[in-house]
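Hey, can you work out the whole structure from these sequences and the hints?
Below, each chain spelled out in residue letters.
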Amino acid sequence: MEKMKLKLLYSDLKPELEMIEKELEQAVDSNSHLLNDASLHLLQAGGKRIRPVFVLLAGKFGNYNIDVMKQVAVPLELIHMASLVHDDVIDDSEMRRGQPTVKAQWNNSVAMYTGDFILARALEYITEVEIPSVHDILSKTMIEVCRGEIIQIEDKYKLDQNVRDYLRRIKRKTALLISSSCELGALVSGTDEKTAAHLRRFGYFIGMSFQIIDDILDFTSTDEELGKPAGSDFIQGNITLPVLFARKDEEIYRLLKESLYKELTDDERLHIVKMIRNSPAIKESKAISERYLNKAIKELSYLPKGTANKTMRNIALFIGKRKF
Amino acid sequence: MNLQQIQSKISSMEIDVLKAVQQRTLEKYTAGPSVEHARMFFLLLPFFDGKQWSGKIEASAKTVSIVYAALHAHDQVKEDAPVTKKQQLTVLAGDFYSGIYYHMLTNLKNIPLIQRIASAIVQVSEKKASFYEETVFSLAEIDETIEVIESELLTAFYDFYGYDEYTPLAKLMLNYLRYSEELECLQRDGHTHVLRLLKETLQYDLHTESWLLEKLDNLHDQIVKCVNGYAFDYELKHFMLHQITPHQHRAEQLTREG
Numbered sequence: 001m002e003k004m005k006l007k008l009l010y011s012d013l014k015p016e017l018e019m020i021e022k023e024l025e026q027a028v029d030s031n032s033h034l035l036n037d038a039s040l041h042l043l044q045a046g047g048k049r050i051r052p053v054f055v056l057l058a059g060k061f062g063n064y065n066i067d068v069m070k071q072v073a074v075p076l077e078l079i080h081m082a083s084l085v086h087d088d089v090i091d092d093s094e095m096r097r098g099q100p101t102v103k104a105q106w107n108n109s110v111a112m113y114t115g116d117f118i119l120a121r122a123l124e125y126i127t128e129v130e131i132p133s134v135h136d137i138l139s140k141t142m143i144e145v146c147r148g149e150i151i152q153i154e155d156k157y158k159l160d161q162n163v164r165d166y167l168r169r170i171k172r173k174t175a176l177l178i179s180s181s182c183e184l185g186a187l188v189s190g191t192d193e194k195t196a197a198h199l200r201r202f203g204y205f206i207g208m209s210f211q212i213i214d215d216i217l218d219f220t221s222t223d224e225e226l227g228k229p230a231g232s233d234f235i236q237g238n239i240t241l242p243v244l245f246a247r248k249d250e251e252i253y254r255l256l257k258e259s260l261y262k263e264l265t266d267d268e269r270l271h272i273v274k275m276i277r278n279s280p281a282i283k284e285s286k287a288i289s290e291r292y293l294n295k296a297i298k299e300l301s302y303l304p305k306g307t308a309n310k311t312m313r314n315i316a317l318f319i320g321k322r323k324f
Numbered sequence: 001m002n003l004q005q006i007q008s009k010i011s012s013m014e015i016d017v018l019k020a021v022q023q024r025t026l027e028k029y030t031a032g033p034s035v036e037h038a039r040m041f042f043l044l045l046p047f048f049d050g051k052q053w054s055g056k057i058e059a060s061a062k063t064v065s066i067v068y069a070a071l072h073a074h075d076q077v078k079e080d081a082p083v084t085k086k087q088q089l090t091v092l093a094g095d096f097y098s099g100i101y102y103h104m105l106t107n108l109k110n111i112p113l114i115q116r117i118a119s120a121i122v123q124v125s126e127k128k129a130s131f132y133e134e135t136v137f138s139l140a141e142i143d144e145t146i147e148v149i150e151s152e153l154l155t156a157f158y159d160f161y162g163y164d165e166y167t168p169l170a171k172l173m174l175n176y177l178r179y180s181e182e183l184e185c186l187q188r189d190g191h192t193h194v195l196r197l198l199k200e201t202l203q204y205d206l207h208t209e210s211w212l213l214e215k216l217d218n219l220h221d222q223i224v225k226c227v228n229g230y231a232f233d234y235e236l237k238h239f240m241l242h243q244i245t246p247h248q249h250r251a252e253q254l255t256r257e258g
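Sequence order for the protein chains is A and B.
Everything in the first sequence is counted per UniProt numbering, starting at 1 for the first residue and increasing by one.
Everything in the second sequence is counted per UniProt numbering, starting at 1 for the first residue and increasing by one.
It should be emphasised that the hints constitute simulated quantities derived from the structure, not laboratory data.
Mixed in with the good hints, there may be bad ones.
[Stated by the list, open to error] In silico BS3-like cross-links for lysine-lysine, where the CA-CA straight-line distance does not exceed 27 Å: (1) A:310 to A:7; (2) A:140 to B:51; (3) B:86 to A:158; (4) A:140 to B:86; (5) B:86 to A:171.
[To be verified] Far from chain B, some chain A residues (derived; all Cβ distances over 10 Å): (6) 6; (7) 32; (8) 40; (9) 67; (10) 68; (11) 92; (12) 95; (13) 109; (14) 121; (15) 140; (16) 154; (17) 165; (18) 229; (19) 274; (20) 288; (21) 300.
[As the list claims (entries may be wrong)] Here are some, though not all, of the chain A residues that point toward chain B, as calculated from beta-carbon distances under 10 Å: (22) 38; (23) 62; (24) 110; (25) 125; (26) 130; (27) 143; (28) 150; (29) 151; (30) 225.
Don't be surprised by glycine CBs; every beta carbon is placed ideally from N, CA and C.
As structure tokens, this is what we get:
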């Protein structure tokens with residue numbers, strides 16, 4: 001339902017997004033039946049396609065040509081998909097978007113080769129673009145996203161980390177790829193540098209807000225809504241913003257500390273989720289997300305008014321309010 | 001170029017690769033980047049053989065080594081093992097190395113090579129995934145699968161820079177090395193996908209061992225013939241046959257023959 005609402009916000013882009021969807025299917029077409037199945041399994045599980053959307057919207061500020069825009073939009077989504085399939089191995093996740101993960105349906109090795117295959121397809125695709133800065137931005141982003149994930153593993157189970165550590169981590173883990181989507185969309189459509197910079201910053205602020213909301217939803221949504229157990233992040237040792245705020249309460253801090261290293265029963269997990277959900281941590285986290293959202297919207301105010309600007313603003317507002 | 005110089009060039013490239021992908025956490029918790037010396041030797045073979053070689057080509061050879069390290073890292077992820085920090089970081093190591101190779105080739109403004117390497121990775125991944133498909137392999141298909149996995153990246157590099165003349169030799173030698181590893185594994189009672197496929201096709205363990213021995217003999221004969229077909233200098237020939245693919249009896253025979 002929520003995804004439907006989000007899609008309505010960019011319904012103007014429907015024909016282009018359908019074209020991108022087809023391109024994605026073609027891009028993962030493989031001589032290996034197994035890689036075909038695994039990649040299509042991932043594609044068909046859906047997703048918000050938010051990165052292609054931002055590429056296309058950013059392109060509207062320049063000389064928009066869908067045949068050029070898709071050269072960036074498709075690989076960005078493929079890179080995101082490849083990272084998801086590898087992340088499921090890292091997190092040992094059985095479910096994603098209510099579907100069994102590739103590693104659950106097949107095994108870790110198949111997930112590794114599927115991710116490598118999809119990433120290679122993304123690079124095959126993007127190398128059609130002859131603008132050097134596109135590759136510079138994207139390759140740096142890929143490295144930084146990995147650094148973010150490496151730090152996330154280092155920081156796991158560290159309840160005493162600070163908010164700055166968390167923000168630096170989500171910047172790399174999520175915000176950079178969204179920021180790059182906006183910037184690359186601007187670059188390939190030939191906007192001026194100033195416009196590209198505003199779009200890059202818009203993407204960064206939206207990405208930060210988006211991830212914080214994601215981390216809040218891990219505690220405020222039900223298992224059904226999430227398509228995986230609520231509190232999964234915490235169970236895997238990921239210390240997110242709601243946890244960092246909630247630990248100020250001594251009772252919650254003690255509970256979190258005791259729970260971090262042990263195998264939790266479902267009741268224990270739900271108890272933690274409830275404690276955090278009912279604490280001021282959710283409101284405090286939302287306030288931080290809101291701050292990023294406002295910054296994102298401010299960036300839009302420097303850009304020419306028009307449909308793309310309005311849609312970006314509506315997406316930003318939706319992200320702030322989304323339920324799952 | 002003498003044996004020591006060859007070895008030293010390979011080691012120097014290895015150090016450069018290690019430096020390029022250096023990352024504190026990965027170094028601490030994973031086995032670190034691994035590229036077999038044989039692969040690096042083949043990447044440097046045109047240089048050893050006195051072909052035109054520039055700093056840009058050498059840098060590209062290093063990036064191909066990094067791709068090998070990336071794919072190798074992902075091969076180390078256990079099929080159904082429980083989650084450990086080492087395993088998690090090994091997944092990320094492979095992705096991180098991929099980002100580095102893309103960035104290095106971007107800096108070299110060598111976008112066409114990125115495309116060529118990406119196509120090779122597609123083929124290698126498809127062949128690796130084929131081990132998990134429920135299909136019956138013929139011996140020729142096993143051979144082809146091994147050949148793509150072992151030499152497709154190198155072939156991409158050779159094609160790109162016009163060094164195709166080395167492709168047949170590299171394929172033979174890299175296949176030889178892979179089958180040697182499979183034989184050693186079989187003799188240790190180990191399990192690999194290739195051994196499983198061979199056993200399925202040949203039906204008995206004993207058949208598999210004799211098939212592998214025969215295969216290695218056959219490949220070595222071809223390697224010796226192939227090496228002699230090039231105008232390599234003596235030291236280079238010696239290095240290939242004794243350091244890269246030592247096949248004790250036959251190599252000794254060749255040395256005696258001069």
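Going down the list of hints, with the structure as the test:
1. A distance of roughly 14 Å separates the Cα atoms of residue 310 of chain A and residue 7 of chain A; the hinted pair therefore holds under the 27 Å criterion.
2. Only pairs whose Cα atoms come within 27 Å are accepted, and residue 140 of chain A paired with residue 51 of chain B is rejected, the gap being roughly 33 Å.
3. Restraint check for residue 86 of chain B and residue 158 of chain A: satisfied, since their Cα atoms lie roughly 17 Å apart, inside the 27 Å limit.
4. A C-alpha spacing of about 24 Å is found between residue 140 of chain A and residue 86 of chain B, which places the hinted pair at or below 27 Å, so the restraint holds.
5. The hinted pair formed by residue 86 of chain B and residue 171 of chain A meets the criterion: a straight-line CA distance of about 24 Å does not exceed 27 Å.
6. A cut-off of 10 Å between C-beta atoms confirms that residue 6 of chain A is not in contact with chain B; the least separation is 28 Å.
7. Separation of residue 32 of chain A from chain B is inadequate, the least Cβ-Cβ distance of about 4 Å not exceeding the 10 Å criterion.
8. Residue-level check passed: residue 40 of chain A sits 14 Å from the nearest beta carbon of chain B, beyond 10 Å.
9. Its beta-carbon lying about 18 Å from the closest one in chain B, residue 67 of chain A satisfies the requirement of being farther than 10 Å from that chain.
10. Remark: the non-interface label on residue 68 of chain A is consistent with the geometry, its nearest Cβ contact in chain B lying 16 Å away (cut-off 10 Å).
11. Taking the minimum C-beta to C-beta distance to chain B, about 4 Å, the non-interface status of residue 92 of chain A is violated against the 10 Å cut.
12. For residue 95 of chain A, the requirement that its beta carbon stay farther than 10 Å from each beta carbon of chain B is met, with the minimum near 15 Å.
13. Remark: the non-interface label on residue 109 of chain A conflicts with the geometry, its nearest Cβ contact in chain B lying 5 Å away (cut-off 10 Å).
14. Look at residue 121 of chain A: its CB is around 6 Å from the nearest CB on chain B, not clear of 10 Å, so calling it non-interface is violated.
15. Chain B draws residue 140 of chain A into its interface by the beta-carbon criterion, the shortest separation being 6 Å against a cut-off of 10 Å.
16. The Cβ of residue 154 of chain A sits about 5 Å from the closest Cβ of chain B, inside the 10 Å cut-off, so the non-interface label is violated.
17. Every Cβ of chain B is farther than 10 Å from the Cβ of residue 165 of chain A; the closest lies at roughly 14 Å, confirming the non-interface assignment.
18. For residue 229 of chain A, the non-interface assignment is confirmed: its Cβ lies about 16 Å from the closest Cβ of chain B, beyond the 10 Å cut-off.
19. Every CB of chain B is more than 10 Å from the CB of residue 274 of chain A (nearest about 26 Å), matching its label as outside the interface.
20. Residue 288 of chain A, annotated as away from the interface, keeps every beta carbon of chain B farther than 10 Å; the closest lies near 27 Å.
21. Listed as outside the interface, residue 300 of chain A is consistent with that label: its C-beta sits roughly 30 Å from the nearest C-beta of chain B, beyond the 10 Å cut-off.
22. Restraint check, residue 38 of chain A versus chain B: the minimum CB separation of about 8 Å is within 10 Å; hint holds.
23. The beta carbon of residue 62 of chain A comes no nearer than 22 Å to any beta carbon in chain B, farther than 10 Å, and the hint placing it at the interface is violated.
24. Below 10 Å, beta-carbon pairs count as interface contacts, and residue 110 of chain A has one with chain B at about 5 Å; its hint therefore holds.
25. Because the closest C-beta pair between residue 125 of chain A and chain B is about 9 Å apart, less than 10 Å, the hint holds.
26. Nearest Cβ of chain B to the Cβ of residue 130 of chain A: about 7 Å, under the 10 Å cut. The hint holds.
27. Of the supplied interface hints, the one on residue 143 of chain A holds, with its beta-carbon coming within about 4 Å of a beta-carbon of chain B, less than 10 Å.
28. The beta carbon of residue 150 of chain A is positioned within 10 Å of a beta carbon in chain B (closest approach about 5 Å), and the interface hint is therefore held.
29. Interface hint status for residue 151 of chain A: upheld, as the beta-carbon distance to the closest one in chain B is roughly 8 Å, under 10 Å.
30. A cut of 10 Å between beta carbons decides the hint on residue 225 of chain A: the least distance to chain B is about 25 Å, and the hint is violated.
Of the hints listed earlier, those the structure fails to meet are numbers 2, 7, 11, 13, 14, 15, 16, 23, 30, in rising order.
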